[in-house]
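Asker: First to last, the protein sequences are chains A and B.
Position 4 (the first sequence) corresponds to 4 in this note's numbering; numbering is contiguous.
Position 114 (the second sequence) corresponds to 114 in this note's numbering; numbering is contiguous.
Rather than coming from a laboratory, the hints here were simulated on the basis of the structure.
A few of these clues could be false.
[What the hints assert, rightly or not] Some chain A residues well away from chain B (every beta-carbon gap over 10 Å; in silico): (1) P61; (2) Q170; (3) Q178.
[What the hints assert, rightly or not] Covered stretches of chain A (in silico footprint by chain B; criterion: 3 or more residues with CB under 8 Å from a CB of chain B, positions within the stretch not fixed): (4) 22-34; (5) 101-115; (6) 122-129; (7) 132-143.
Quick caveat, the model's predicted, so the values are computed rather than measured.
Built from N, CA and C at the ideal position, the CB exists for glycine as well.
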Amino acid sequence: MNLNQFISYIAQGTIYTVGVTLIALPAGLLIGTILALLYVYGGKVTGRLMNLYSTIFRGIPPLVLLFILFFAVSKGINLSAFWAGSLSLGIVSSAYQMEIVRGALLAVSGDQMKAARAIGLSRLQAIRYVVLPQAVRLAIPPWSNEVAIVIKDSSLVYALGVPEILRRAQLIAASSQQYLLAYLSAALIYFLLVFLTTRLLNRLENKLAIPANP
Amino acid sequence: MPKPILTIKNLRKSYGDHVIFEHLDLDVNEGETIVIIGPSGTGKSTLLRCINLLTRPNEGQIWLDDTEITSKNCNEDLVRQHIGMVFQNFLLFNHLTALGNVKLGLTRVKKMSDQAATEKALRELERVGLADKAGHYPGQLSGGQQQRVGIARALAMDPRIMLFDEPTSALDPELIGEVLEVMRKLAKDGMTMLVVTHEMGFAREVADRIVFMEKGYIVEEGSPNEMFNHPKFPRTREFLWKITELYGKKKEDAA
Ligand SMILES: Nc1ncnc2c1ncn2[C@@H]1O[C@H](COP(=O)(O)OP(=O)(O)OP(=O)(O)O)[C@@H](O)[C@H]1O
Ligand SMILES: [Mg+2]
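Please model the entire structure based on the sequences and the hints provided.
Answerer: Right under this line is the structure:
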């Protein structure tokens, strides 16, 4: 078996890796953003609850959470391993993304909110038109970090039998006995995915940058 | 008899046990410029924050024209539209151009069309002498220019009264003049203004009344002539002397 065939066998898993990422990441972003807004603007009790959520989900290894959520979720509803794995990773990621968005909101809030309210904007309008647009920009660098983590963590769904990159590498390694080559190929594909995505987000950050903002 | 735009009656504000001020009364008449002076920590900023409802007083009432804005069922957002606020540290919206800063309230609060808002915003920028900087972001403007955009942003809402909280104290000395000039012009055009400042030159020249606050009380108020030349209380004389000395010196140093 030549190297090309080797890599192309493993690379067929990319569609699952990308699929898992494309589900987990936006799901985590949506949940994380809503929770972050509740955390920052929802009052004391809500804030405590959100803090609890974040502490719990960030305090457990993602693989353990993946198993727990997978078996909990698939008990309730009949989901494929792919969907259950993706959503579970999304929930794990939501805790981290909540912290990212929260940090950005807090960094912008306060004075900018005060200025927005002073011209008669309601709280919601102030969040929508003044705080969020600035928070998004602040959040991109840490968020791009989280994107890399989610891409890499997507490999965890191999444990549920989803035929993504790592899983396929494992299969071909076992059948060909070329372990090192198999995992090096997998590593290369992961690396390229992360590298390209990070570059893309870097460009986005530069594009959205506010001129001369300190 | 001039008609008060703003009436403050028996106002009291405390944070926990710490009383900032109490029994505070003040009327601001239409077209009047009132300068509030007083030592640090006296509650001047707190008073302005109470007036535009950024914080709630514990007791007393404030009326804007015939509306009691401190009443429970008063719409805060509506009140703030009619009260312009200019901050010490400008607080421009960093992600918007000068034009965008002035426009935001027009499109989102006043619900004006984009074109009408742009036209009005440009007129307001013209008023503070910055029409040519409409496309600049705050980071691309000097402190003095930023503060003038801040003034234009507040003016755009056509407020009944403008509040200024030390609008020039974050500025380098050479940039103070351009901001005071804009304020002087506003006063002349008949805008009602309540200004907290240490700029005694401005107070002497522009104020209709100077209010001296200390430790949460209004010690004395009167025309600039009365306050500077015939103050009733020694404290007033002392404070005015000290502040003129202090800030006059700073300017000389800068010059
Ligand atoms: N949110 C708050 N919580 C508790 N105390 C506060 C709060 N805001 C202001 N204070 C206190 O209220 C007092 C008056 O503050 P304020 O800022 O109104 O004074 P000031 O006259 O504007 O002073 P300066 O000239 O320094 O601006 C200060 O002792 C301050 O510590
Ligand atoms: Mg103050």
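Asker: What hints, given by number in increasing order, does this structure fail?
Answerer: When the structure is compared with the hints, only number 4 turns out to be violated.
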